[in-house]
Amino acid sequence: MNEAEVLIDDTVTVEAISQLCGFRIEKDFYAISVLDVQEVIRKQDLTIIPCAPGHIKGLINLRGQIVTALSLRNLFGLPESQNETYMNIIVKSEESLYALMVDEILDVMDVEQFRYEKTPDNLDDRVRQYISGVFKLDGKLLIKLNLDKVLKQEDK
Amino acid sequence: MNSPIIQEFLLESFENLSSISTELTTYEKNPSDKELVNSIFRKVHTLKGSAGFLGFQKLQEVTHCAETLLDLIREGSISINSEMIDVLLETFDICIKLLKSVEDHGAEMSYDSSIIKNKLNYFINPSSSNQTQALTQENSTKIDERVSQVREIPMLKTERFSREQVNDVKKEDKFENIILDKIGKIEDKKISIEVKMENKKDSLEVAKVENIKHENSIVEEKTIKIATVQDENSDSSMNKSNNVADSVVRVNVQLLDKIMNVVGELVLNRNQILQYANSVNATELNRLSQQLNIITSELQGDIMTTRMQPVGSVLSKFERIVRDLARSQNKKIKLEIIGKDTELDKTLLEAIRDPLTHLIRNSVDHGVELPETRRARGKNEEGKIIIRSYHEGGQVSIEIKDDGNGIDSQKVLAKALQKGIVSAEQAKAMSTKQIQNIIFMPGFSTADQVTNISGRGVGMDVVKSNIEKIGGTVDIQSNLGEGTTFKLKIPLTLAIVPALVVLDKGETFAIPQISLVELVRLDASNEQNTIEKLYDSEFFRLRGDLIPIFRLSDTLRLDKSKSVIDEIDDGFINVVVLNAEGRIYGVVVDSISDTEEIVVKPLSPELKTLSFFAGATIMGDGKVALILDALGFYNFADKGHGHKLEKMNQDLSSTLENSTGDSQELLICELGDHRSYAIPLILVNRLEEFKASQIEWTGDQAVVKYGDYPMPLINVEDVLHLKGVSVLEKAHLDKEALIPCVVVKIRGHLFGFLVSEIRDIAVTNSEIHSESVDRKGLLGTIFLNDRTITMLDVHSILEDLKIGKSVVTFKTKNKGRILLVEDSPLFRKVQTEFLEENGYEVITANHGKNALDILQSDKKFNLIISDLEMPVMDGWSFAEECTKSKDSNLAPIIAVSAKVTPKDREKSKLSGFKEHLEKLNKEELLKSILSYIA
Chain E
1 MNEAEVLIDD
11 TVTVEAISQL
21 CGFRIEKDFY
31 AISVLDVQEV
41 IRKQDLTIIP
51 CAPGHIKGLI
61 NLRGQIVTAL
71 SLRNLFGLPE
81 SQNETYMNII
91 VKSEESLYAL
101 MVDEILDVMD
111 VEQFRYEKTP
121 DNLDDRVRQY
131 ISGVFKLDGK
141 LLIKLNLDKV
151 LKQEDK
Chain A
1001 MNSPIIQEFL
1011 LESFENLSSI
1021 STELTTYEKN
1031 PSDKELVNSI
1041 FRKVHTLKGS
1051 AGFLGFQKLQ
1061 EVTHCAETLL
1071 DLIREGSISI
1081 NSEMIDVLLE
1091 TFDICIKLLK
1101 SVEDHGAEMS
1111 YDSSIIKNKL
1121 NYFINPSSSN
1131 QTQALTQENS
1141 TKIDERVSQV
1151 REIPMLKTER
1161 FSREQVNDVK
1171 KEDKFENIIL
1181 DKIGKIEDKK
1191 ISIEVKMENK
1201 KDSLEVAKVE
1211 NIKHENSIVE
1221 EKTIKIATVQ
1231 DENSDSSMNK
1241 SNNVADSVVR
1251 VNVQLLDKIM
1261 NVVGELVLNR
1271 NQILQYANSV
1281 NATELNRLSQ
1291 QLNIITSELQ
1301 GDIMTTRMQP
1311 VGSVLSKFER
1321 IVRDLARSQN
1331 KKIKLEIIGK
1341 DTELDKTLLE
1351 AIRDPLTHLI
1361 RNSVDHGVEL
1371 PETRRARGKN
1381 EEGKIIIRSY
1391 HEGGQVSIEI
1401 KDDGNGIDSQ
1411 KVLAKALQKG
1421 IVSAEQAKAM
1431 STKQIQNIIF
1441 MPGFSTADQV
1451 TNISGRGVGM
1461 DVVKSNIEKI
1471 GGTVDIQSNL
1481 GEGTTFKLKI
1491 PLTLAIVPAL
1501 VVLDKGETFA
1511 IPQISLVELV
1521 RLDASNEQNT
1531 IEKLYDSEFF
1541 RLRGDLIPIF
1551 RLSDTLRLDK
1561 SKSVIDEIDD
1571 GFINVVVLNA
1581 EGRIYGVVVD
1591 SISDTEEIVV
1601 KPLSPELKTL
1611 SFFAGATIMG
1621 DGKVALILDA
1631 LGFYNFADKG
1641 HGHKLEKMNQ
1651 DLSSTLENST
1661 GDSQELLICE
1671 LGDHRSYAIP
1681 LILVNRLEEF
1691 KASQIEWTGD
1701 QAVVKYGDYP
1711 MPLINVEDVL
1721 HLKGVSVLEK
1731 AHLDKEALIP
1741 CVVVKIRGHL
1751 FGFLVSEIRD
1761 IAVTNSEIHS
1771 ESVDRKGLLG
1781 TIFLNDRTIT
1791 MLDVHSILED
1801 LKIGKSVVTF
1811 KTKNKGRILL
1821 VEDSPLFRKV
1831 QTEFLEENGY
1841 EVITANHGKN
1851 ALDILQSDKK
1861 FNLIISDLEM
1871 PVMDGWSFAE
1881 ECTKSKDSNL
1891 APIIAVSAKV
1901 TPKDREKSKL
1911 SGFKEHLEKL
1921 NKEELLKSIL
1931 SYIA
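Protein chains in written order, with the numbering used here: chain E, 1 to 156; chain A, 1001 to 1934.
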């Protein structure tokens, strides 16, 4: 696995170069390992799930497969999106498919280890628990997410 | 880990051994079936060969012995008997053990195979078989194992060898030495050996005893000959089995699952194309899509078939199990299996394996009686167990029928009562079938002595839950003394289910047909058929039975604004009646669409906690629809409502029958301070709901037009000085609000008590604790359902009101003086009021003693009315006391109680009461009073 291993604390241990798929939510930039991404699709018809936790927005039909759509905004404690459009990043975890709802997809980037930095203290706690690592790219702060944590979160 | 070759060997060998077992038990019943024994022989032979090839010595030795015996059997040299079968079965069990140890540890476990070999050899040649074995061992190490044939060894044996000599032999390791040794001793015993040889119908001449000395080479020669012949035989048999093997392909179940999934998606896609094609007017497209439809359906059917296996594969195993169990218990049982070819999905087959095993064991263990018992009962000594499987109504039915004891309902019931699984009252109401079904409840086992075989009461309920887990049902049919039949019904497959599609508030849901009972369409305007509302819950009368009703949109908190106009069935209410493990209930939806076969897709783990959803599916139009789970939905929606209904019904009927003097019905409501309060139900006239705008004012008093009468509304919170916003104030603020109102009737006048919510009706025998009262207007507190509820003193509340006063003060007509003896403060008040209303003056006493005290000083009464159940001195004692005093001026005494039985009447008459009346029967009471106060 050429994933960079990063701790949530200040110490950072990384190995090799990793390719990340970047995306934007509100004004912030996030990324997940490109190896986790199955595909990226446009906004889809959602079937709402009654009584589901707040971050689970519904179910999508992806060529006959049921995909659970998660709102990262909701997870991070951000207000609901004002926009009509958004993109879905389809990821797979343990036989289930999930769609991460994001505002905009950025490029795939190669990130070298030395770019990783310690997580700033001023990052919201709600986001912090999902952070795998942070680094600067072109002057912007890019937050790498721990996909497993994101998918397995317990709703507070 | 084992290499692929060894894995392959293990797989094949396990399979072989299991079918050998089955075939052996079948063969036992049909000893004339040559083909069967040949088949067994071939398998054993293969096993031996492979074991030897891979270096599993113990396995090879054991199978070698077995093979020899089988060979003799198949030739007809020996005839089969039960003991032989026992030993053979034991042998193969050992083989399985050896194989298992290879599987787990990569090598055979250490095992002394001499015992089993001795047993086998006993049959091969009943005498001195030990030597045979020892020599056999030597042979196999020396000569190619294919060659070593036990049959050549007998020439070296004689009957006269003793055990010690045999033991000595074992220690030797030189083949020649042993033989020479034996040969020396043998020469004296030629004859016996020749006799032995005669018995073996060898096609080869084995060296005669005289030639033994030169034997080694000759023996080898011969054995090589034997070997070649053997080889030829085995080769041809190998070829045969190869051919059989060629027509079968082993496929990983995971791959099949994946194919099923893909085909499922194909089915969905086909549905979508079909739907689209139907909506578009293109003939060519239609034609092609119809073709696609046919092809896909066929493919779907075929793929489902690949996963289907004949139930026979599981059922055949039972031959062995029944046989072994029966023998161990000295019972004679014949097992008959019908319908082995009935097919069932592989996963389901696996799932029913254990439950079926348990049921069979149960039949042998508890069902079929011992031969003596059977004889005594006039039955055939041999018991019969029939396993029958067949397709019926889209499901596979498997019946396990025995002609044994049958289920003793009395015993079952007794045990259940003893274990506290059912209560005595429940027991009275149960039918025989219900009693029989108790055996499926957890914690039950009628075995006086729980055997290892059938387990300890965890068996039957696990059987039931396992079967139900896969969507099946299990049913009992039993007659005491005649036998029992267990009938299992299993759905053909799990993944594709027929479902009812419903629409509610713009959302589509699917309900699996298996839970569906019926669909009811109610005319909303038809009063009789509508949904009755009982405070928090709604109910519906389905042909006489009250069932709870839940609104889908309410329970799931759907967005009601999303109702689609088309979907709403104007003026009609659609109720889907479901059955969740016996609990019947209805779900109200906007409209009902169609029944469809849907592919069930599981929800992701986070959503699994939503127990009311069984999964999701993709509809023909590509939209995702959630599948409701009948039981999960019921549990989620019910939250005690269903129980409430039962309890209420129970309570109502029991109050009618069993009410004692102390039980009272209370109406529980909530006031503006969000606390619960109770009003005695007998005071309640009606429950109403008024719009806040209907409330009018005369001076300071709020009233509402009730019929043509301005009914005063009581601001309870104000009167009682409770905290919080009073309901009346709230009404001020929101003119549209609906205010619940409890209408009470006091002295013929109606008053409305405004409450924030009407909760429930409760019947309780609990005492009213008046010590905790801190203000006027409250009767006390009562403990109800783990909560403390405050009882309102309606009378005193009204007394305090200006308008109340004029009504509450009684009329001064005095028709007579009555002494009322009653311990319940409530009843005292009510009775007093009633009597005063009718013009009588009432003096009250708390109990018998109190009354006697009053009578000491005040004898001017026209009538004494007394309750019976009272503290300190009860009614009967009081009456007796009065009679004892023999005071002729004493007023007549009437007894009143909530319920009157003939026995009570007798007792009362004896005590001195003139009459015994029902408390609540006002007319009778009045009539009676009039007769005494003329």
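Hints are supplied without guarantee of correctness; some may be wrong.
Just so you have them, the derived chain A footprint on chain E, three or more residues with Cβ under 8 Å [said to hold, decoys possible]:
hint, stretch
1, 46-53
2, 64-78
Derived pair list, reagent style SDA-like, types lysine to any residue, alpha-carbon separation capped at 20 Å [to be verified]:
hint, chain 1, residue 1, chain 2, residue 2
3, A, K1029, A, K1097
4, A, K1608, E, C21
5, A, K1464, A, E1482
6, E, K92, A, K1258
7, A, K1623, E, S81
Pulled from the structure, derived: some chain A residues nowhere near chain E, Cβ distances all over 12 Å [unchecked claim]:
hint, residue
8, L1552
9, L1556
10, I1758
To be clear, the hints were calculated from the coordinates, so they are not data collected in a lab. Owing to the predicted nature of the structure, the values given are computational and were not obtained by experimental measurement. C-beta atoms are modelled at their ideal positions from N, C-alpha and C, and glycine is treated no differently.
Each hint, compared with the structure:
Counting residues of the stretch 46-53 of chain E whose CB lies closer than 8 Å to any CB of chain A gives 7, which reaches the minimum of 3, so the coverage claim holds. Coverage of the stretch 64-78 of chain E by chain A holds [criterion: at least 3 residues with CB-CB distance below 8 Å; count 4]. Restraint check for A/K1029 and A/K1097: not satisfied, since their Cα atoms lie roughly 26 Å apart, outside the 20 Å limit. The straight-line distance between the Cα atoms of A/K1608 and E/C21 is roughly 29 Å, outside the 20 Å bound, and the hint therefore fails.
For the given pair, A/K1464 sits about 23 Å from A/E1482 by alpha-carbon distance, which is inconsistent with the 20 Å threshold. For the suggested pair E/K92 and A/K1258, the alpha carbons sit about 16 Å apart, so the restraint of at most 20 Å is met. With a CA separation close to 23 Å, the supplied pair A/K1623 and E/S81 exceeds the 20 Å bound. With a least beta-carbon separation of about 9 Å from chain E, A/L1552 fails to lie farther than 12 Å from that chain, contradicting its non-interface assignment.
The claim that A/L1556 is not at the interface with chain E is violated, since a C-beta of that chain comes within 12 Å of its own (minimum 4 Å). With a least beta-carbon separation of about 28 Å from chain E, A/I1758 lies farther than 12 Å from that chain, consistent with its non-interface assignment.
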